[in-house]
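A.B. asks: Once you've looked at the hints, dock chain B against the given chain A.
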Amino acid sequence: MKRTAAFAFGLLALVSLAGCNFGKGPDFSIVSGSENTVIQPIVEEFCKQKNATCIFKYEGTLDIGLALQSEAGVGEDAVWPASSVWVDMFDTRRRVKGLTSIAQTPVVLGVRKSKAEALGWIGKQVFMKDILAAVQSGSLKFLMTSATQSNSGASAYLAMLSSALGNKPVIEPGDLGDANVQKTVKALLSGVERSSGSSGWLADLYVDSARRGTLYDAMWNYEAVLKETNDKLAGIQQEPLYAIYPADGVAVADSPLGFVDHGRGAEVQTFFNDLLVYLRTPDIQKRIAATGRRIPLADVSAPPEPLWNFDPGKLVTAIRMPEPQVIREALTLYQAALRKPSLTALCLDFSGSMSGDGVTQLKNAMRFLLTPAEASRVLVQWSPADRIVVIPFNSAPRRPMEASGDPLEQEGLLNAVLNEQPGGGTNMYACADLAMQQIARMPDVANYLPAIVIMTDGRSDDNSLFFLNRWNAAKPRVPIFGITFGDADKTQLDGLAKATSARVFDGGADLAAAFRTVRGYN
Amino acid sequence: MAISRRAFGVGLLATGAVGTGGYLVVKDRPELQGLLGNRLNLFGFIGGEKESFLADPDVVRALGSRGLTIQSRVAGSVEMVREQALLSQKPQFLWPSSSIMVDIARQNGIKIRDDRVVLNTPIVVYSWQPVADGLMQAGLVTKTAAGHHQLDLKALLDAILAGTDWSKLGVNMLYGRSRIVSTDPNRSNSGFMFAGLALSLLSGNLATPEALAEFGPKTQSIFRNMGFKSPSSGKLFEQYLAGGIGGEPMIVGYENQLVEWILADRARWERIMSGSGAKPVMLYPRPTVYSSHPLIVIDEQSQRLMDALTTSALQQLAWEKHGFRGPLGTPTGNLDGSLAGMLPPDIDAVLPMPDAGVMLPLLGLLAR
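Heads up: the protein sequence lines correspond to chains A and B, in order. Okay, so the first sequence: first residue is 1 according to my numbering, each after it adds one. Okay, so the second sequence: first residue is 1 according to my numbering, each after it adds one.
Same shape as in the complex, but just chain A (with noise of 0.2 Å):
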């Protein structure tokens, strides 16, 4: 009887043991390009019915690439990037396997209802000749994301070399030096009034900014991407922005899906495959197809929205994609010659506290932002025209440097950035203010893209209020960035850049990327 209950007991105790980890499913990770935020919630289910921890990291879809052509890798099990292309560019050591396409979405040209009336561009077939025309006009600016760390940018920029090359079946080598193309091109992006990393945070910008009483004429951004903003807008009563698909072919993101092996077992890599067969199975299609996602072959599509031109069932004619080393020199020369110059001023943390590490690290980051060769390797080199401010400050600003982006010049900044030494307070504010005098007295700054960037570890004295109302009334609007660094107190940073439509980044981990990224966002 004794050892009857002492084996019943045995029983129970290995049952409920099995019970903690039966079904217990892996952690897997995903890094995606911001645009599936909207899909997260779907892939979650999935986790959750596996009791799978599942984590999702943001990030643009290039640099999604250079972490897979880099010698460290991904860390995560999955990539999601908008499209293909660029694993197949950068995936040079073929980590990824099982690269699935989940929805396909085309590039787009969105315009606010209003003004592409204005355009008389309703109800018709409006092509990049159309667009070109409105932006030389000056009747016509938009938001984009940056082609060199951003698919939806790049996306749009291949559409608009495509449509300047003629009628010509592709993008060949050979075709970017003429001069023609180029200057087609240049002009286009001339219309650029805002850019960004990240095709999500251009999106939020449009709809903050309309809350805020500013309206910004279009923005070129995913159909399925225009569809969640424009339900936005509603929602704030707001005007649509009409679709725009250029009649001579848009780039599509085919959202592929596709394992990176980690060597961490079967169960991960059964997971990941399982995680697929869900994607498509007919009722998660359906859930993904109402976000504006096209899945060709499912029969599934979000019903047409008249009203602003959206109807994921037409057809669009999307570009042909060049060879892999033609959108290399494309995306070099992007960088190098033809998006709209920049003008960036950057407030750098010299206080007391910088001392030691923190300034190491600064001007470690300052040397790979200033050197052509090492920044070109991540396609965020200055251009010539571009106009670069650097302004060293602790309880004042110091005394503000200013060169092109030539190389010399820049070669000039980095040398006195060098020479700068620790020191005394932290005011942020009056850095800023300084860097916005600097930018207003630069001619022709329409012509530019501007941004502050403070780069700071500390806590500031706190003039937001004061400065806040002179940048209000001060013209252009600057946005302010901002880099935190060691324990710095993100809630000024944050403030400013809220109140200027801008953007904090992380440098903690590494202040050169933070610095790499900032840069797609002007």
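Since the hints were derived computationally from the structure, they do not count as laboratory data. Be a bit skeptical, because a hint or two may be false.
Derived DSS-like pairs (lysine-lysine); straight-line CA-CA distance at most 27 Å [what the hints assert, rightly or not]:
1. 286/A <-> 279/B
2. 235/B <-> 314/A
3. 183/A <-> 286/A
4. 321/B <-> 129/A
5. 218/B <-> 168/B
6. 279/B <-> 314/A
7. 235/B <-> 286/A
8. 235/B <-> 97/A
9. 113/A <-> 314/A
10. 97/A <-> 115/A
11. 168/A <-> 218/B
12. 115/A <-> 186/A
13. 168/B <-> 124/A
14. 97/A <-> 321/B
15. 321/B <-> 168/A
16. 490/A <-> 363/A
17. 129/A <-> 115/A
C.D. replies: What follows is chain B alone, placed relative to chain A:
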């Protein structure tokens, strides 16, 4: 129950006799080799398009019953007969996707014990019903009495070279110039075969070195117009299905790819066929080329694999579950349901591939 000693002895003798007789019977029956525990592991490289065939549990079982366990690794057809990095792994067999690879293997000093084409699948063009309808109006596609679509590939290539718009080819829904896309001929076999076929068609005959000199640049131009080329046939086919009519109006592939895809999920296919969207259509170029799948025996023991693959049981599985035709290019079984009648029993116009002396320099030209 008691058994007498005598009865026990007789019984033992009888079991022995049956056992011995059984052994003798099994020994001569290759399909029962597995029963004897006479297992043979064979390692070799295969083209990616045969991966799911060899991974099919029915195929594994059929080979297993003959005592065969196949360890295959996927490699490009061209690289498996040329790359020292692969050959130094001492494959016991190679199973590329084109007969020319046998010549190239020989030229590279690989000691071939035997070679035989065990499967075939023609190169086809995948498109969409609205495109096919337009091309029919323009006279580039004709429909046979049995409902199969035949494509005048030569005329299509000429139209592409002339920069003809889709609308001129009867396809009004697509903007811009007509195009066709294949895989990278230097990395993948379907692109490689298409390059050979295109060169022959452009030169008006089976391509020779002289034809290469004259028509090589035109072939190069066709491939340049493709822009980005996928490294594998499987990837391109996925791209075609995912991209739809606007993204991938026309691609080059193997006949068996669609069959495998349909069989992988028949309900999905039924949904597509009854749905409202554009439907995939297979166009048979006339003439086309066969992607033949020669098994190259390097280690004598691999002969057993060749024998197994040419049995009717495996040939039937190859056709009915994976859409591969037999050594003669004909069906080796029966397809059922929606697949019956979808594929023509015979491919009546087939060109041979130009020989290695033409294809290798053509590859060099297309890599530029």
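A.B. asks: Are the Cα atoms of residue 115/A and residue 186/A separated by 27 Å or less?
C.D. replies: Holds, because 23 Å separates the two Cα atoms, which is no more than 27 Å.
A.B. asks: Between the alpha carbons of residue 168/A and residue 218/B, is the straight-line distance 27 Å or under?
C.D. replies: holds, 16 Å
A.B. asks: Within 27 Å, alpha carbon to alpha carbon, are residue 218/B and residue 168/B?
C.D. replies: Distance of about 21 Å is within 27 Å: holds.
A.B. asks: Are the Cα atoms of residue 97/A and residue 115/A separated by 27 Å or less?
C.D. replies: violated, 45 Å
A.B. asks: Straight-line Cα separation of residue 183/A and residue 286/A no greater than 27 Å?
C.D. replies: The given pair, whose Cα atoms are some 44 Å apart, is violated under the 27 Å limit.
A.B. asks: Has the given pair, residue 279/B with residue 314/A, been kept, meaning a C-alpha gap of at most 27 Å?
C.D. replies: holds, 15 Å
A.B. asks: Given the hinted pair residue 235/B and residue 286/A, is their Cα-Cα distance within 27 Å?
C.D. replies: holds, 24 Å
A.B. asks: Verify the proposed pairing of residue 321/B with residue 168/A, using a straight-line Cα cut of 27 Å.
C.D. replies: violated, 42 Å
A.B. asks: Just to be careful, I want the Cα atoms of residue 129/A and residue 115/A compared with a cutoff of 27 Å; is the pair within it?
C.D. replies: Since the Cα atoms of residue 129/A and residue 115/A sit roughly 17 Å apart, the hinted pair holds (cutoff 27 Å).
A.B. asks: Residue 235/B and residue 97/A were given as a pair; does the straight-line alpha-carbon distance stay at or below 27 Å?
C.D. replies: holds, 11 Å
A.B. asks: Compare the distance between the alpha carbons of residue 490/A and residue 363/A with 27 Å, and conclude whether the hinted pair is satisfied.
C.D. replies: holds, 21 Å
A.B. asks: Given the hinted pair residue 168/B and residue 124/A, is their Cα-Cα distance within 27 Å?
C.D. replies: Holds, at about 22 Å.
In terms of the numbered hints stated before, the structure departs from hints 3, 4, 10, 15, listed from lowest to highest.
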